[in-house]
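Engineer: This is what each chain is made of:
2 protein chains.
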Amino acid sequence: MKKVEICVSPELLHLYEVSGKNVVIVDIFRATSTMMAALANGVASITPFMDLESCRAKAAEGYVIAGERNGLTADGFELGNSPIAYLDGAYAGKKIAMTTTNGTLAIEKTKAEAARVIIGAFVNLRATADFLIGLPEDVLILCAGWKGKFNLEDSLYAGALAALLFPQFDTDCDTVFAMKNLYQDNAHRLNLFLGQASHAKRLQNHNIEADIDFCLQLNQYDLIGILKGDELIAEKTK
Amino acid sequence: MKKVEICVSPELLHLYEVSGKNVVIVDIFRATSTMMAALANGVASITPFMDLESCRAKAAEGYVIAGERNGLTADGFELGNSPIAYLDGAYAGKKIAMTTTNGTLAIEKTKAEAARVIIGAFVNLRATADFLIGLPEDVLILCAGWKGKFNLEDSLYAGALAALLFPQFDTDCDTVFAMKNLYQDNAHRLNLFLGQASHAKRLQNHNIEADIDFCLQLNQYDLIGILKGDELIAEKTK
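Protein sequence lines correspond, in order, to chains A and B.
Going left to right, the first sequence walks through residues 1 to 238 as full-length UniProt numbering numbers them.
Going left to right, the second sequence walks through residues 1 to 238 as full-length UniProt numbering numbers them.
FYI, nobody ran anything at the bench for these hints, they're computed from the structure.
One or more hints might be untrue.
What the hints assert, rightly or not - Here's a subset of chain B near chain A, in silico, CB distances under 10 Å, partners left out: (1) Ile6; (2) Ser9; (3) Ile226.
Unchecked claim - Pair by pair, the computed Cβ-Cβ distance ranges are: (4) Asp51(A) - Phe166(B): 36 to 42 Å; (5) Ile84(B) - Asn70(A): 52 to 58 Å; (6) Thr237(A) - Ala187(B): 54 to 60 Å; (7) Asp170(B) - Pro167(A): 23 to 29 Å; (8) Asp130(A) - Leu13(B): 22 to 28 Å; (9) Leu13(B) - Ile133(A): 34 to 40 Å; (10) Gln168(A) - Leu218(B): 54 to 60 Å; (11) Asp130(A) - Ala112(B): 49 to 55 Å; (12) Phe166(B) - Leu72(A): 32 to 38 Å; (13) Asp185(B) - Asp172(A): 19 to 25 Å; (14) Asp75(A) - Leu13(B): 46 to 52 Å; (15) Ala112(B) - Leu13(A): 43 to 49 Å; (16) Ile133(B) - Leu192(A): 46 to 52 Å; (17) Ile84(B) - Thr237(A): 50 to 56 Å.
Keep in mind the model is a prediction, meaning the values are calculated, not measured.
Note that the Cβ used here is the ideal one computed from N, Cα and C, for glycine as well.
Construct the complete structure from the given sequences, taking the supplied hints into account.
Structural biologist: Dropping the structure here:
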């Protein structure tokens, strides 16, 4: 039977087999949620970058550049990291270059060996689960975490996704038992529970509660985000 | 206010400040549970070793040597890793040299900087919490894990201990929010819940259910286990 595992931080990734697996990268606040908002609202592709400079350089090639530092849109950038900027379709058809430190690191560490690299967010949870159930490979859910540490929102999403993969998948990964159970016990009060999370508190300090609310909405989109070459693109699942 | 944090694996320890904190080392199946059983039943001290050879060498100095490989008492060793061997007081007054890979690694990584290194187990959960509440330092709970990965039993203990430290302690550590909640939701069915854990399954394959049952008993002992030099000794808390 197919297996699902959860790795709570890129710092533990060396302990997991990546080769031949479908890897789901999770960075709920806000990188992967913003990516799904962008893809669902028509952007042609998203190319992630670790640093501002490489990202900025893509403007000369016609990319819309998106990035923040310290909660503010970076100097000379058209967009910050808010998912809400994409919701009116203003960037439909555009290629986006986006900086996201934790998420990009996770993609870079896995793309050479993984069967597929997929991005995970609550906003397309069910679609991602359905997509993975339809494929033959094992799944590794890789939480981007926060500066290498476990974080609550990414791990809870991982538990939510793993829960949907049963019974077509099995596991012997303790992180799956823990996070699946934690999600199921708290799904009815996700906003309240995640309001405790250290990252949510940091975001609240920047007055972006609307972003948080968006990132915690389930199943808004019936498509998945998948890496092709260096670009994330949308694939319809229905 | 004093802070509590949980580190789910020694592989993530470099992300945490250890200096000046009380560090609680957890290896529920079975190292730290066995250590507490031994200390509570009168052994003079326990000196932990990573490898069989260093441990075996202590026999010449009059130590009782304890260690297992592949679920069997190691060649030439008097004891395996079962807590039950100590319960009749047969080793009272003896100095024990014990091999335990994950637990020893965690002790070695923290003892130089920590204010105190304490061992944690369900069998003396309340005593350890009371001890920490009575001290001024912040607390870092370090799970020994399984080959570097998150494991369920150590993380649940960490959540149980953290839960008892509130409200005298506070936290901004997401692992504390997660594991405290997971423990509180499953405390009424700890054996059932941990029966899913990968390590419990490995132990069941070795027919040591009695050891597992022992390791999951709460608050059997009113003393703590603390490192003094290279030796773990008991300290009464009442």
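Engineer: Within 19 to 25 Å: is that where the Cβ-Cβ distance between aspartate 185(B) and aspartate 172(A) falls?
Structural biologist: holds, 22 Å
Engineer: Could you tell me whether the CB distance from phenylalanine 166(B) to leucine 72(A) stays inside 32 to 38 Å?
Structural biologist: holds, 35 Å
Engineer: Is the distance from the Cβ of aspartate 130(A) to the Cβ of alanine 112(B) consistent with 49 to 55 Å?
Structural biologist: The hinted range 49 to 55 Å holds for aspartate 130(A) and alanine 112(B), with Cβ atoms some 51 Å apart.
Engineer: Hold the hint about serine 9(B) up to the distance rule: shortest CB distance to chain A must be less than 10 Å.
Structural biologist: Constraint on serine 9(B) satisfied, holds at 7 Å.
Engineer: So does alanine 112(B) sit 43 to 49 Å from leucine 13(A), Cβ to Cβ?
Structural biologist: Taking Cβ atoms as reference, alanine 112(B) and leucine 13(A) lie about 28 Å apart, which means the hint is violated.
Engineer: Measuring from beta carbon to beta carbon, are aspartate 51(A) and phenylalanine 166(B) in 36 to 42 Å?
Structural biologist: holds, 40 Å
Engineer: For the range 22 to 28 Å, tell me whether the beta carbons of aspartate 130(A) and leucine 13(B) fit it or not.
Structural biologist: violated, 38 Å
Engineer: Against chain A, run the beta carbon of isoleucine 226(B) and see if the smallest gap drops under 10 Å.
Structural biologist: For isoleucine 226(B), the interface hint is violated, since the closest Cβ of chain A sits about 27 Å away, which is over 10 Å.
Engineer: At a threshold of 10 Å, is the proposed contact between isoleucine 6(B) and chain A supported by beta-carbon distances?
Structural biologist: Holds: closest Cβ of chain A sits about 8 Å from isoleucine 6(B), inside 10 Å.
Engineer: Note whether the CB distance of aspartate 75(A) and leucine 13(B) lies within 46 to 52 Å or breaks it.
Structural biologist: violated, 37 Å
Engineer: Look at the Cβ atoms of isoleucine 84(B) and asparagine 70(A) and judge whether their distance stays inside 52 to 58 Å.
Structural biologist: holds, 56 Å
Engineer: Note whether the CB distance of leucine 13(B) and isoleucine 133(A) lies within 34 to 40 Å or breaks it.
Structural biologist: With Cβ atoms ~37 Å apart, the hint holds.
When the structure is compared with the earlier hints, violations turn up for hints 3, 6, 7, 8, 10, 14, 15, 16 and for no others.
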